[in-house]
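Chains as they are written, first to last, in my numbering: chain A, 1 to 569; chain L, 1 to 569.
Calculated from the structure, these hints are not laboratory results.
Some hints could be false.
It does not matter which identical chain is meant; a pair holds if it fits inside one copy or across any two.
[Stated by the list, open to error] Derived pair list, reagent style SDA-like, types lysine to any residue, alpha-carbon separation capped at 20 Å: (1) Lys-28 to Val-503; (2) Lys-371 to Arg-427; (3) Lys-17 to His-188; (4) Lys-17 to Ala-262; (5) Lys-290 to Asp-543.
Protein chains: 2
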Amino acid sequence: MQDSYNGAVRRGAAARKRLTEAATGRQKADLVLKNASYVNVFTDQVSVADIAIVGDRIAGIGSYEGERELDMTGKVLLPGLIDGHIHLESSLASPGEFVRAVLPHGTTAVVTDPHEITNVMGTEGIDYMLEATEGLPVDVLFLLPSCVPATPMDESGAELSWRDIDSFYDHPRVLGLAEMMNYYGVTHGDEGVLSKLAAAQLHGKRMDGHAPGLTGRELDAYIAAGIGSDHECSTLDEALAKLERGQYIMIREGTAARNLAALAPLLTPQYASRCLFCTDDKHPNDLLEKGHIDYIIREAVNRHGVDPIIAVKAATLHAAQYFRLDGRGAIAPGYLADLVAVDDLTSFRVQQVWKGGVCRYENGTLSDIPKPQVSADLDELAHDTFHVSPLTPEDFRTEESLGVIGMVPGEIVSTDNGTADGVDLERDILKIAVIERHHNTGHIGLGYLQGYGLKRGAVATSVAHDSHNLIVVGADETEMAAAANQIIAQHGGITVVDGGRPVAGVVLEIAGLMSDLPLEEINRRLEDAKAKAAELGVSDGIDPFMTLSFMSLPVIPTLRLTTRGLVRV
Amino acid sequence: MQDSYNGAVRRGAAARKRLTEAATGRQKADLVLKNASYVNVFTDQVSVADIAIVGDRIAGIGSYEGERELDMTGKVLLPGLIDGHIHLESSLASPGEFVRAVLPHGTTAVVTDPHEITNVMGTEGIDYMLEATEGLPVDVLFLLPSCVPATPMDESGAELSWRDIDSFYDHPRVLGLAEMMNYYGVTHGDEGVLSKLAAAQLHGKRMDGHAPGLTGRELDAYIAAGIGSDHECSTLDEALAKLERGQYIMIREGTAARNLAALAPLLTPQYASRCLFCTDDKHPNDLLEKGHIDYIIREAVNRHGVDPIIAVKAATLHAAQYFRLDGRGAIAPGYLADLVAVDDLTSFRVQQVWKGGVCRYENGTLSDIPKPQVSADLDELAHDTFHVSPLTPEDFRTEESLGVIGMVPGEIVSTDNGTADGVDLERDILKIAVIERHHNTGHIGLGYLQGYGLKRGAVATSVAHDSHNLIVVGADETEMAAAANQIIAQHGGITVVDGGRPVAGVVLEIAGLMSDLPLEEINRRLEDAKAKAAELGVSDGIDPFMTLSFMSLPVIPTLRLTTRGLVRV
Numbered sequence: 001m002q003d004s005y006n007g008a009v010r011r012g013a014a015a016r017k018r019l020t021e022a023a024t025g026r027q028k029a030d031l032v033l034k035n036a037s038y039v040n041v042f043t044d045q046v047s048v049a050d051i052a053i054v055g056d057r058i059a060g061i062g063s064y065e066g067e068r069e070l071d072m073t074g075k076v077l078l079p080g081l082i083d084g085h086i087h088l089e090s091s092l093a094s095p096g097e098f099v100r101a102v103l104p105h106g107t108t109a110v111v112t113d114p115h116e117i118t119n120v121m122g123t124e125g126i127d128y129m130l131e132a133t134e135g136l137p138v139d140v141l142f143l144l145p146s147c148v149p150a151t152p153m154d155e156s157g158a159e160l161s162w163r164d165i166d167s168f169y170d171h172p173r174v175l176g177l178a179e180m181m182n183y184y185g186v187t188h189g190d191e192g193v194l195s196k197l198a199a200a201q202l203h204g205k206r207m208d209g210h211a212p213g214l215t216g217r218e219l220d221a222y223i224a225a226g227i228g229s230d231h232e233c234s235t236l237d238e239a240l241a242k243l244e245r246g247q248y249i250m251i252r253e254g255t256a257a258r259n260l261a262a263l264a265p266l267l268t269p270q271y272a273s274r275c276l277f278c279t280d281d282k283h284p285n286d287l288l289e290k291g292h293i294d295y296i297i298r299e300a301v302n303r304h305g306v307d308p309i310i311a312v313k314a315a316t317l318h319a320a321q322y323f324r325l326d327g328r329g330a331i332a333p334g335y336l337a338d339l340v341a342v343d344d345l346t347s348f349r350v351q352q353v354w355k356g357g358v359c360r361y362e363n364g365t366l367s368d369i370p371k372p373q374v375s376a377d378l379d380e381l382a383h384d385t386f387h388v389s390p391l392t393p394e395d396f397r398t399e400e401s402l403g404v405i406g407m408v409p410g411e412i413v414s415t416d417n418g419t420a421d422g423v424d425l426e427r428d429i430l431k432i433a434v435i436e437r438h439h440n441t442g443h444i445g446l447g448y449l450q451g452y453g454l455k456r457g458a459v460a461t462s463v464a465h466d467s468h469n470l471i472v473v474g475a476d477e478t479e480m481a482a483a484a485n486q487i488i489a490q491h492g493g494i495t496v497v498d499g500g501r502p503v504a505g506v507v508l509e510i511a512g513l514m515s516d517l518p519l520e521e522i523n524r525r526l527e528d529a530k531a532k533a534a535e536l537g538v539s540d541g542i543d544p545f546m547t548l549s550f551m552s553l554p555v556i557p558t559l560r561l562t563t564r565g566l567v568r569v
Numbered sequence: 001m002q003d004s005y006n007g008a009v010r011r012g013a014a015a016r017k018r019l020t021e022a023a024t025g026r027q028k029a030d031l032v033l034k035n036a037s038y039v040n041v042f043t044d045q046v047s048v049a050d051i052a053i054v055g056d057r058i059a060g061i062g063s064y065e066g067e068r069e070l071d072m073t074g075k076v077l078l079p080g081l082i083d084g085h086i087h088l089e090s091s092l093a094s095p096g097e098f099v100r101a102v103l104p105h106g107t108t109a110v111v112t113d114p115h116e117i118t119n120v121m122g123t124e125g126i127d128y129m130l131e132a133t134e135g136l137p138v139d140v141l142f143l144l145p146s147c148v149p150a151t152p153m154d155e156s157g158a159e160l161s162w163r164d165i166d167s168f169y170d171h172p173r174v175l176g177l178a179e180m181m182n183y184y185g186v187t188h189g190d191e192g193v194l195s196k197l198a199a200a201q202l203h204g205k206r207m208d209g210h211a212p213g214l215t216g217r218e219l220d221a222y223i224a225a226g227i228g229s230d231h232e233c234s235t236l237d238e239a240l241a242k243l244e245r246g247q248y249i250m251i252r253e254g255t256a257a258r259n260l261a262a263l264a265p266l267l268t269p270q271y272a273s274r275c276l277f278c279t280d281d282k283h284p285n286d287l288l289e290k291g292h293i294d295y296i297i298r299e300a301v302n303r304h305g306v307d308p309i310i311a312v313k314a315a316t317l318h319a320a321q322y323f324r325l326d327g328r329g330a331i332a333p334g335y336l337a338d339l340v341a342v343d344d345l346t347s348f349r350v351q352q353v354w355k356g357g358v359c360r361y362e363n364g365t366l367s368d369i370p371k372p373q374v375s376a377d378l379d380e381l382a383h384d385t386f387h388v389s390p391l392t393p394e395d396f397r398t399e400e401s402l403g404v405i406g407m408v409p410g411e412i413v414s415t416d417n418g419t420a421d422g423v424d425l426e427r428d429i430l431k432i433a434v435i436e437r438h439h440n441t442g443h444i445g446l447g448y449l450q451g452y453g454l455k456r457g458a459v460a461t462s463v464a465h466d467s468h469n470l471i472v473v474g475a476d477e478t479e480m481a482a483a484a485n486q487i488i489a490q491h492g493g494i495t496v497v498d499g500g501r502p503v504a505g506v507v508l509e510i511a512g513l514m515s516d517l518p519l520e521e522i523n524r525r526l527e528d529a530k531a532k533a534a535e536l537g538v539s540d541g542i543d544p545f546m547t548l549s550f551m552s553l554p555v556i557p558t559l560r561l562t563t564r565g566l567v568r569v
């Protein structure tokens, strides 16, 4: 229901009346957490009191009675945890399944950049994610993708100008403009890029940064343009240079990139108020095995000696302050009753999670999570993003000598390994192809790949940064065509082909990026596919799908393959 | 000129282009402050660098060349100072003259609550102040008066509901709802009061508090309703109770109320991030003799041992954070070039002030300040707010016994001194009247006043909290009528009458509250009037006008006089 403004004021006044009735004790609260030890992020202390909750908010903290009462003795309450920057798509799960996975870890809000799906679906990708996250018990807040496509070399599903994304700023869950990767454009007068920043500012919104290694005058220029945060710092010096110029530093500890060890020294009284946590990318097994923001807190405290209160503030208050999330990030009257009970401030094991006053997780059990209704037309669009004709082995053949991309174990950078005239399994030279799959242009980039290790069969994936075309690598062209056709037929995902037939894989039917399956099942299939890929020879130290997915990103050194062919970066 | 949105984006992009060109060194900056020591509020350090300025913003901080260059050796730069809560009217000067007075003290932004003029003129009072502050070199930001009239007992010039003030939230300089004094209304379900809060929140705006001495559950309720700050704390315990519940604490050090000594212990790393400075009321001599926010910093550092960096942050960054003033409160790329050069971090003597990159004060000299153009109709309204017929001595006569208000030297509280049947100069019992002056209702409240000291003549003032009716106190009714008629004839102000003729006074022709004269001249006339009042017998320890102005405020104990007669509070 869309209220009139008058109605919204009336409802706001009525909600306040109910809150104040409970706060003053004239009415019982809905729920009182009795004898609760809680982290007061305003005084940096652990306090003990009853916490009275009415509806989705905290009414008062003191001595209270409630319709329901829970004794909290022996636990410590934290404000709900906030991930300052993530691409939800990186979990390979639908938003609902992502929420099921992170809520038991105490996460009650994430700020997502739907960069991946938007590179596939354009603005409809943003709409899809907004609808698919509506009403979930983890608040999914959005920044608008700033760089679609990531580079002009890419053939993505869409190309978005400032005008294309502008109307999204009116959505109540859109907080700003996401990581501005085009720092050259910012600092060297690209009108389209600067217009995106100007528009975000005119809407009173935040602009996130992404500028690994930028220093000195270029960094001054980038920040002067209005970019308020960075999550790409990999050294303390880099972080301090950005912090002293006014940026908030998002300390990232995700799956692909891990900066906590380097940046933990920021988490002191001198600097911590400008620091928050984020994950950027979280892959299924990492989410399931380690956790989410709770994991970063545990690591900060136990491995890096960070004061637990400071770690909690980075995970709560500071994120809320940077993003101007009123009524979040603290346990205080009027704040959202987003609460996490942990056993203590050392192990930080999550025991209970309340979202908006409702207990959603308790004793290892997650309550039912409402499934957001996505409009039929959007849902159909999201499940039909492969606009490419079936391929034949001929499509992968060439007489030309082609460049050889060298993979580096444990890294996403590559090396330039010269040229080759064909597959050479002895020398671990495989054929690699990137197939344009958004507009059926017929563009196929071909090249060779060394260091992957495959001895037979083929591997294909539609998770292919950042444009998410179709990457195929194989020991011969017939297997490659089979793998590509399998992905096209299943509308996206990952497949391992042996003898012309898929032997393992994950269907990622939402935009070729996400599955409707539960995260555990996605992970099971993915681990199975990894094992099968290893059986086919893929080397230790190479993630057969994730490392492969970066071979098409033409902004990372040294040699990359796009739909138009090899690119030297 | 009102830009189209498209035009605003284009201008925003162009401004960024120019900033980044200078930041990267491709173009010279407009101005470079060379070798500048400056307080970095993000790292809590004094750094040294060149500060490059383009237009009204800082482009970069490092090593720069500019069209103009100034060597800053031997000075320390601070961000422009911010007063978090003031009623500009308290200076008795027009906004332009107020700005002339505070800019040399390093103030570059104030958050004003036009409570006084709005009680006289209603919404036109807000419009008048918005127009009268447009384009001034101190940014005058607004909170909307929340309590007009201050109490239902008052007869003010207007009565404003949430709907009456709602459209003002669209103005770019309106930041929220001003001090909510009706805390009983907030905590006990007054629908009009709660609707004002709900509306402010729906506009994404701040709600300031005013709740002296409120504690426990009532305080929880008040804060739960969304009120984010308090400037009325007079003890450390009270401030901590509010701070730990999430309110920002405005440490007030003004003319009438001074809380710095009690609250300075908050200015430590544990609490300071939630603290800012304000003055609330600053009277002419106090502004001229002591200064403004710079004075609070000096006092904090030199008298109360506060760390200078923390004091500077309370005067800058923390105010900007509470009010969400992007690009203010720090010296960093992209921030407004609002800068204050002081000699050192002990004496904090202001040597130069830049507002938006323009040096406005230097070597004791203030540059010309543009005079805002107020619409003719508004200006006429503001200069014609006395709607009351001339009075005769008969209007002040009565046969009844009336209550006696006892004044208390140095305080604004009063005592109930029983009743009297007439003026009795031996016992220092004078007649006092409060005359309704907004709607010519003919209402005159009469009573007696003890402790003022006047031996002959009369004193009248149209500064009469909070409804600003006309207060007259006199030794006889003829003198009282003369004093009242003098104020009516001059459309407001303060007068001292002796023998039926004014012997001193200040004309306050703007709404009966402010003068168009320079602050120095207002002060000279006011001091002269004080001297004349003293000659007529007014007691030491009684400010003849300020203390008198509170005798009509029916929310302060014990006995008060309104237009309808005496009120026991």
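The hints, checked one at a time:
1. With identical chains, the CA atoms of Lys-28 and Val-503 are never at most 20 Å apart, being 60 Å at best within one copy and 63 Å at best between copies.
2. With identical chains, the CA atoms of Lys-371 and Arg-427 are never at most 20 Å apart, being 50 Å at best within one copy and 80 Å at best between copies.
3. When the C-alpha separation of Lys-17 and His-188 is checked against a cutoff of 20 Å, the pair qualifies only between copies, where the shortest distance is 7 Å, while the shortest distance within a copy is 53 Å.
4. In this homomeric assembly, Lys-17 and Ala-262 never come within 20 Å of each other (Cα to Cα): the closest approach is 48 Å inside a single copy and 33 Å across copies.
5. Taking the shortest Cα distances, Lys-290 and Asp-543 sit within 20 Å of each other inside one copy (18 Å), while across copies they are farther apart (68 Å).
In summary, the structure is inconsistent with hints 1, 2, 4 from the numbered list given earlier, while agreeing with the others.
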